[in-house]
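Peer 1: Protein chains in written order, with the working numbering: chain X, 464 to 745; chain Y, 464 to 745.
Hint data in this document are derived by calculation from the structure and do not stem from the laboratory.
Same chains, same label: a pair holds when it works inside one copy or across any pair of copies.
Computed list of lysine-lysine pairs in DSS-like fashion (alpha-carbon distance at most 25 Å, straight line):
# : residue 1 : residue 2
1 : Lys522    : Lys595
2 : Lys699    : Lys711
3 : Lys542    : Lys504
4 : Lys522    : Lys511
2 protein chains.
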Amino acid sequence: MSDQEAPLVNGVEHMTCEALPFVDDDYGGVIVEMKTPMDPKSFVAALKYSFAQWRLQGKKGVWLNLPISHVNLVEPAVKEGFRYHHAEPTYLMLVYWIPEAESTIPLNASHRVCVGAVVLNHNKEILVVQEKYGTLRGTGVWKIPTGVVDEGEDIFAAAIREVKEETGIDTEFLEILAFCQTHESFFAKSDLFFVCLLRPTSFDIQKQDLEIEAAQWMRFEDSACQPITHKNDFFKAIHRICSMKMEKSYTGFSTKPITTFIDDKLGYLYWNKQEEMNNSIS
Amino acid sequence: MSDQEAPLVNGVEHMTCEALPFVDDDYGGVIVEMKTPMDPKSFVAALKYSFAQWRLQGKKGVWLNLPISHVNLVEPAVKEGFRYHHAEPTYLMLVYWIPEAESTIPLNASHRVCVGAVVLNHNKEILVVQEKYGTLRGTGVWKIPTGVVDEGEDIFAAAIREVKEETGIDTEFLEILAFCQTHESFFAKSDLFFVCLLRPTSFDIQKQDLEIEAAQWMRFEDSACQPITHKNDFFKAIHRICSMKMEKSYTGFSTKPITTFIDDKLGYLYWNKQEEMNNSIS
Numbered sequence: 464m465s466d467q468e469a470p471l472v473n474g475v476e477h478m479t480c481e482a483l484p485f486v487d488d489d490y491g492g493v494i495v496e497m498k499t500p501m502d503p504k505s506f507v508a509a510l511k512y513s514f515a516q517w518r519l520q521g522k523k524g525v526w527l528n529l530p531i532s533h534v535n536l537v538e539p540a541v542k543e544g545f546r547y548h549h550a551e552p553t554y555l556m557l558v559y560w561i562p563e564a565e566s567t568i569p570l571n572a573s574h575r576v577c578v579g580a581v582v583l584n585h586n587k588e589i590l591v592v593q594e595k596y597g598t599l600r601g602t603g604v605w606k607i608p609t610g611v612v613d614e615g616e617d618i619f620a621a622a623i624r625e626v627k628e629e630t631g632i633d634t635e636f637l638e639i640l641a642f643c644q645t646h647e648s649f650f651a652k653s654d655l656f657f658v659c660l661l662r663p664t665s666f667d668i669q670k671q672d673l674e675i676e677a678a679q680w681m682r683f684e685d686s687a688c689q690p691i692t693h694k695n696d697f698f699k700a701i702h703r704i705c706s707m708k709m710e711k712s713y714t715g716f717s718t719k720p721i722t723t724f725i726d727d728k729l730g731y732l733y734w735n736k737q738e739e740m741n742n743s744i745s
Numbered sequence: 464m465s466d467q468e469a470p471l472v473n474g475v476e477h478m479t480c481e482a483l484p485f486v487d488d489d490y491g492g493v494i495v496e497m498k499t500p501m502d503p504k505s506f507v508a509a510l511k512y513s514f515a516q517w518r519l520q521g522k523k524g525v526w527l528n529l530p531i532s533h534v535n536l537v538e539p540a541v542k543e544g545f546r547y548h549h550a551e552p553t554y555l556m557l558v559y560w561i562p563e564a565e566s567t568i569p570l571n572a573s574h575r576v577c578v579g580a581v582v583l584n585h586n587k588e589i590l591v592v593q594e595k596y597g598t599l600r601g602t603g604v605w606k607i608p609t610g611v612v613d614e615g616e617d618i619f620a621a622a623i624r625e626v627k628e629e630t631g632i633d634t635e636f637l638e639i640l641a642f643c644q645t646h647e648s649f650f651a652k653s654d655l656f657f658v659c660l661l662r663p664t665s666f667d668i669q670k671q672d673l674e675i676e677a678a679q680w681m682r683f684e685d686s687a688c689q690p691i692t693h694k695n696d697f698f699k700a701i702h703r704i705c706s707m708k709m710e711k712s713y714t715g716f717s718t719k720p721i722t723t724f725i726d727d728k729l730g731y732l733y734w735n736k737q738e739e740m741n742n743s744i745s
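Just chain X, same shape as in the assembly:
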């Protein structure tokens, strides 16, 4: 496009009077995903033209997905009234709410989800590791394998994956024993930490070198006797729950695949199935 001004039609440049590419979302809004490079001037013209159409069509929310390669369009978009919604390393999602009525734009993700894996074998031993990084680095503390649940990953699957990655041990998921919610884990975001009970199906440890200093099967009693277990509420509670579980006097939440009430989406229900004698929902 030349630097010369193009003729204006209702304040919109005539030469670029093409709408931005978009698809409808399920909530009366549109999603614009920028894929080909565009200069800011053409982008703003196309945006204005598109908005005129969307307003006529009664559209509500306008989502604008800008890959990081389109960073040149962030400033013009914000100047046209877009606000940030969320971002991932490779893209920034902006949003604009058209109607006068209050916005029903969904909130951004607020929680990181982590798992800790309690893996107990038939010899009353627990699978523990020492980490190369993190707050317990160099303390000599033996801890259960832990990790972050990926976007789109099931909690039970993340527990199985982390154990395999850190120790090479194969496992089956049994129950969520308990979970913990904390806040301001990083910036304003909150954490949910799920303690999962797993049954090992292999026993030879192949530790991962990148993050793990050492890994072993440790007598459960010895693991419970570490000073940190007594000093810290959380470790104490988890060891007490494991003890009860080993005495078969504790029930956590099991999984059940389910279709949820929104759009018949597939998911997993975590619930206490122990007392469900007649098996009517499982």
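For this one, chain X is given, so just place chain Y on it according to the hints.
Peer 2: Frame of chain X, contents of chain Y only:
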């Protein structure tokens, strides 16, 4: 600053050789929070100067918090090698990993957390609403109050808040009966939906007009007889769990305030306390 080029010292403009304001984080990195307006040219010069210092000091991650009013600095930051980390309506957080070693930058929040509130009174009635918006709008379906857990909000507190907001009913939290995880709830993010059992401490409904079409106490049996309960796995499971609970043959997870293993942070543990006879951890 004039448009004329300032003299260069090691490629950095001499006139702007001041470091950006920053604070250290707890993991060997720094956090830059831009508060005063800055033009892109001065910003890039200050950034280069700061990076030279941070490299000498062995700093790892560099967090750059750009309020939306500083949108003019997003493109220069990305061109200097920053990547997006997360965004909220009012700011964009970018990050740069300095070391050769693999990045230990924490992942972004991946889950939205929602609650549904089962409020049962002594007459075997359940508190239900009809919504003005959402997928069940206009269907005549009576459902439990639901809502999104805010960043920094406890799950049990969110359930109490949502019931109060939608129906005016005061409640006490008893248990999490079950929860459900689903994926791709909006874009690539996942959802966790916690079903909470609450005891009402007031009974006169004052429905909220903005989102709620109608609210009432409904015989639990009638609520369970709605066609949607039979058609949908999730509603069916929740009603079955509530039935068991009313027959005192189901235990969910109760709360226990706790200090967690990271930084002695305060949080809540959710666990099955029923079988904890000797009360040793509660």
